[in-house]
Amino acid sequence: MKGPEMLYAILCYDSEDVVCSWTKEQDDAAMARLGAVQRKLAAEGRLGPVARLLPTTAATTVRKGAEPLVIDGPFAETKEQLLGFYVVECESLDQAIETAGDLARASSSSGAYELRPLAVFRPGDLGT
Amino acid sequence: MTDLAWIDAALTAARPQAIGALLRYFRDLDAAEEAFQEACLRALGNWPRNGPPRDPAAWLILVGRNAAIDQVRHRARQQPLPPDELISDLEDTEAAMAERLDGSHYRDDILRLLFVCCHPALPATQQIALALRIVSGLPVRRIARAFLVGESAMEQRITRAKARIAGADVPFEAPGPVERAERLAAVSAMIYLVFNEGYSAAAGDTSRRAPLCDEAIRLARLLLRLFPAEPEILGLTALLLLQHSRAPARFDASGAVVLLEDQDRALWNREMIAEGLALIDKAMRHRRSGPYQVQAAIAALHARARRPEETDWAQIDLLYATLERLQPSPVVTLNRAVAVAKTRGPEAALALVEPLEPRLSGYFHFFGVKGALLMQLGRADDARCALDRAIALAGSAAEAAHIRQHLDRLVPDTDP
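Chains as they are written, first to last, in numbering that gives the first Met the number 0: chain F, 0 to 127; chain D, 0 to 415.
Treat the hints with care, since some could be wrong.
Straight-line Cα separation of at most 25 angstroms, SDA-like style, residue types lysine to any residue; simulated pairs [to be verified]:
1) F:Lys78 <-> D:Ala252
2) F:Lys23 <-> D:Arg217
3) F:Lys23 <-> D:Ala252
4) F:Lys78 <-> D:Ala173
5) F:Lys78 <-> D:Pro227
6) F:Lys23 <-> D:Ala273
7) F:Lys23 <-> F:Gln94
8) F:Lys78 <-> D:Leu3
These are calculated hints, taken from the structure and not from any lab test.
All chains should be modelled from the sequences, with the hints used to inform the complete structure.
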């Protein structure tokens with residue numbers, strides 16, 4: 000990725016109950032539509048890492064404290080879960096909203112995208 | 000955006016919770032199912048117009064309950080049903096309902112529903128059929144297809160199961176800790192049965208029965224979301240995911256069985272393996288091992304080996320020994336013998352296998368393993384005899400074909 004523009008994390012929140020109830024065909028179709036938006040972002044040189052998370056049942060939480068507490072599952076019990084995220088380069092919040100809007104229209108689901116500007120980004124070299 | 004695919008998935012996802020709550024309310028499976036059907040019909044009319052409700056399950060429970068009550072009133076006093084438009088006007092009630100559902104009842108409702116389906120008064124086949132019908136909402140036609148019976152026969156089987164449940168003493172009160180543990184064990188066993196029903200399918204039938212495996216995984220995940228820190232449920236879910244991850248590699252193009260060590264590991268489903276490994280790692284941290292966790296740990300060792308030669312057979316041998324202690328069974332010992340053959344050779348394995356014969360004399364895999372061990376020891380005649388017995392006991396054409404391949408290897412090259 001190039002330029003001094005702001006990096007945004009676009010966090011995908013959705014009901015895990017519903018997404019886990021998708022058939023393979025429904026899931027493939029959703030991923031194909033999102034893939035089209037991702038290719039466009041990549042062509043513009045704005046797309047950073049994209050990640051889909053395993054279900055929250057695979058999550059472990061370490062609570063801060065003198066003696067950190069380990070808990071099975073995600074930190075919060077909410078109706079919608081963090082299912083994945085994108086890192087995208089955006090000139091402005093407006094452009095970030097526009098990008099998330101493209102993803103939202105491509106998504107076959109309800110739920111929400113949360114836009115969080117990145118304070119620090121280290122690409123790392125995993126998988127190279 | 001509320002497209003039909005989303006509504007379809009939302010109805011499926013909300014089904015166990017909604018039917019569970021309606022069952023608590025009506026204390027009758029048929030009434031709960033009818034109320035849910037009615038609520039689904041109204042959702043299909045309402046949601047595309049008004050957008051999805053904040054909490055689909057709460058909406059379905061409330062609308063289902065009201066519709067059923069209206070129907071009773073309708074029959075009693077011949078009053079017309081309220082127009083559908085009014086049903087959608089539930090925002091406040093729905094929110095209040097959702098608050099209440101969040102807390103105490105949610106877990107117990109679903110657990111009770113699952114428990115009712117695996118009630119000990121029902122034979123295993125009826126348990127599976129009832130769970131697939133009531134909890135998963137699979138059409139009777141599809142369940143019948145999976146069990147190779149006619150639709151009306153399956154309809155009868157489900158009706159009989161429901162009648163037995165109605166006559167049985169089903170506890171509707173919230174279970175205490177001891178009962179909850181018992182119910183969890185019964186429900187886990189039922190989910191495992193559903194999976195095995197799909198997994199043991201003959202090769203030509205994978206597409207017909209694989210949906211049972213997917214459904215069992217969905218039920219296990221549901222149970223795990225309710226009890227996220229229960230090691231045996233972590234283990235069960237991990238086990239099903241790790242087993243099912245190999246599904247694309249288990250049969251070749253002609254439908255013949257491909258043994259674990261001959262499978263193309265590139266075909267294994269990496270995402271399922273990642274999830275299964277994450278879950279079994281979490282379970283082990285609890286240090287309360289149980290049969291599902293041990294089996295999942297064995298499956299995990301196979302999944303972690305990139306090539307068959309990298310399989311940690313010594314560790315698998317130890318895990319089977321643990322399983323023998325937790326859940327003694329000749330089948331477990333037979334499986335352990337396979338690991339022993341790899342670590343200590345066919346002779347040691349055969350010594351473990353032979354005493355099992357009286358108890359496994361009707362078991363296909365027993366003679367398959369015994370035949371293979373005898374082959375390795377160069378005892379061709381004994382091997383042929385064992386493999387012939389295996390073919391006679393094969394449950395499917397694919398199993399028989401697999402054994403025949405072994406037999407072919409015993410035939411001297413000079414034969415035509």
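Going through the hints against the structure:
1. F:Lys78 <-> D:Ala252: violated, 43 angstroms
2. F:Lys23 <-> D:Arg217: holds, 12 angstroms
3. F:Lys23 <-> D:Ala252: holds, 22 angstroms
4. F:Lys78 <-> D:Ala173: OK: Lys78 (chain F) and Ala173 (chain D) at ~23 angstroms, within 25 angstroms.
5. F:Lys78 <-> D:Pro227: holds, 16 angstroms
6. F:Lys23 <-> D:Ala273: holds, 17 angstroms
7. F:Lys23 <-> F:Gln94: With Cα atoms ~32 angstroms apart, Lys23 (chain F) and Gln94 (chain F) exceed 25 angstroms; violated.
8. F:Lys78 <-> D:Leu3: holds, 21 angstroms
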